[in-house]
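Protein chains in written order, with our numbering: chain W, 1 to 325; chain B, 1 to 325.
Check the hints yourself; a few may be wrong.
Chain copies aren't distinguished; within one or between two, either way the pair holds.
What the hints assert, rightly or not - Quick list of in silico lysine-lysine cross-link-like pairs, DSS-like style, CA-CA up to 27 Å:
| id | residue 1 | residue 2 |
| --- | --- | --- |
| 1 | Lys-105 | Lys-130 |
| 2 | Lys-244 | Lys-311 |
| 3 | Lys-244 | Lys-282 |
| 4 | Lys-274 | Lys-130 |
| 5 | Lys-201 | Lys-109 |
No lab work stands behind these hints: they were computed from the structure. Note that the structure is a prediction, hence the values are computed from the model and not measured.
Number of protein chains: 2
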Amino acid sequence: MSLNLNNVELRYTHHLGNPELRTQIASFYENFSWENIAVTTGAAESIFSIMASLTNKKDHIIVECPNYPSFWYIPQSLERSMDLFFLDFEENFKPNLEKLEDMIKPNTKLICLTHPNNPTGSVITQGELKEIIDMIEDRDIYLLMDETYRELTFDNPLPAAASLSSNVISVSTMSKVYGLPGIRVGWSASSEKTIIDGILKVREQTTICNSALNEYIALQILQKKDRHLKQINHRIRLNYEILKDWIKSQAYLELVPPKGSVTCFPRFDEPTEKLCRLLVEKYQTFTVPGYCFMMDSFFRLGFGGETEELKNGLEKLALAIEEMK
Amino acid sequence: MSLNLNNVELRYTHHLGNPELRTQIASFYENFSWENIAVTTGAAESIFSIMASLTNKKDHIIVECPNYPSFWYIPQSLERSMDLFFLDFEENFKPNLEKLEDMIKPNTKLICLTHPNNPTGSVITQGELKEIIDMIEDRDIYLLMDETYRELTFDNPLPAAASLSSNVISVSTMSKVYGLPGIRVGWSASSEKTIIDGILKVREQTTICNSALNEYIALQILQKKDRHLKQINHRIRLNYEILKDWIKSQAYLELVPPKGSVTCFPRFDEPTEKLCRLLVEKYQTFTVPGYCFMMDSFFRLGFGGETEELKNGLEKLALAIEEMK
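All chains should be modelled from the sequences, with the hints used to inform the complete structure.
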């Protein structure tokens, strides 16, 4: 795809994003308009801004784990009280809603879930999502739903969660499914104006606005979203089949098959730090050791790259495992 | 200037900035290498990250005023104790160093100055800067020196302050002198590795990294810095002469002549909110009312734009003043 950037003026942009880009993003949500969207510096700034503006020091946050580690580091930095809601391998990494309900405290203000989950690829059902929404609506709790990989669900994607309740904030990004982390464009979507205003207040003190150039690129890509998604989905499914076949040959690995995303979270029969270090140092092959997700015996295995690169990486991984055994 | 962006990969970049860009920026400081530079999302993110990482809740911050308002909003958000160090019109907006020294408390950790000052255009002398550095070095206090307009000092620019002491952090940006706010590239410079590390820790939780595309553009511009600065300085001096002549004709305005930057801070004989509102609503001419800087009877008047635009704006300003009197 070729873009002409000559007419983009490199001035300050709108602090919540170019209205045309916000309108385009709003069209992914039911009955949303541009005012329901806050464009941010990647999804990262959305997460930070929501946590900083929506919660205060008296509030309690529940964070699904494993997950993108900022989800627990940010509450620590902001001195919020926080508990991790662990997904269990034995439960196929599906969130246990009874356990979640038991974790809710009188001062719980925010629950953070990521589905398709990073790194496990687990996806809750629409019924489970609705059950969670029922759980929070009566209690004045918000759900931050990280939907970064929603468009890469192998079966039917969940509906965009923010469309289902004013207590849900959807967060997404151009960095993963669209493969464009280098443009630093993400967003939050909420039907509540106070949520969008809160994000604005934080941004005014951190980054002010997005890059005019990058907002233009994001708009061009999102206007042709379906074409891009078709190509990407095709490659990811092909890669996943390769991974699925490969894992059968691995005696020391167990896998809950991912239902979406571009990562999975195999279990090894010992802590994975050594394995991951050997892989990167000897084989220049990159995985993420489980201790980064506070689950030592697992590791994150990505399959979103080029197919040849994946095949090559899996070969190296097999060699490293052999070497350790 | 024409740029070919076809070969820029839109991946995640280095979290503290592209090493080549960091090396280029380091060359503006004496004996600095790329490791002394943290590239951030504009200067805004530098200011936020420094305040968040360098100070904790027990620390006291002194902020020069008038100034970019985030300098006092960020400490409020972070719940730091903070005092404003006011520049006085009667002292030609020069910082009164005795007053500054009197404001220092046992728990003062950070002093924030902006020179050339935004909005007054006041510039401290090299002697005064050295006096301030002497004042802080013995006391384990840091100076955050916002040098956004340093290259637009009408006489000789001050040396980059971070070069003078490990207690000084210089902050600057592509947004002002280079006129490229739309690329969101700024930086911090410090000879202390712990300062740069602290900025990294905050960034990991807010924006992760800069845009690959924008870092590339910044590098291309900074590699031809002298050529750009020559052009820009030429226009600003021309604009300033026009402004200086014009202000003589204004009976209701008093001005401390700016010594640098692209803004000045005239005093009106009443609070300026009405004047600024009339200007923007009736004359589509934009100034910033003094209450934004907590100095009601002043307003910020920018002269950095196109010369014809400035002339036109000054005419409108004269009409609005006439209308109020």
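Item to check | Homomeric proximity label, Lys-244 with Lys-282: Cα distance no greater than 27 Å | outcome: within (25 Å within a copy, 67 Å between copies)
Item to check | Homo-oligomer pair classification [Lys-311, Lys-244; C-alpha up to 27 Å] | outcome: within (12 Å within a copy, 69 Å between copies)
Next on the checklist: One pair to classify: Lys-105 and Lys-130, alpha carbons no more than 27 Å apart. Within, between, both, or neither?
Outcome noted: within (20 Å within a copy, 54 Å between copies)
Checklist entry - At most 27 Å between C-alpha atoms: does Lys-201 with Lys-109 qualify within a copy, between copies, both, or neither? => result Classified as both: same-chain Cα gap 19 Å, cross-chain 26 Å, threshold 27 Å.
Next on the checklist: Please sort Lys-274 with Lys-130 into within, between, both or neither, judging by C-alpha distance up to 27 Å.
Outcome noted: For Lys-274 and Lys-130, neither the intra-copy (41 Å) nor the inter-copy (51 Å) Cα distance is at most 27 Å.
In this structure, the one hint that does not hold is number 4.
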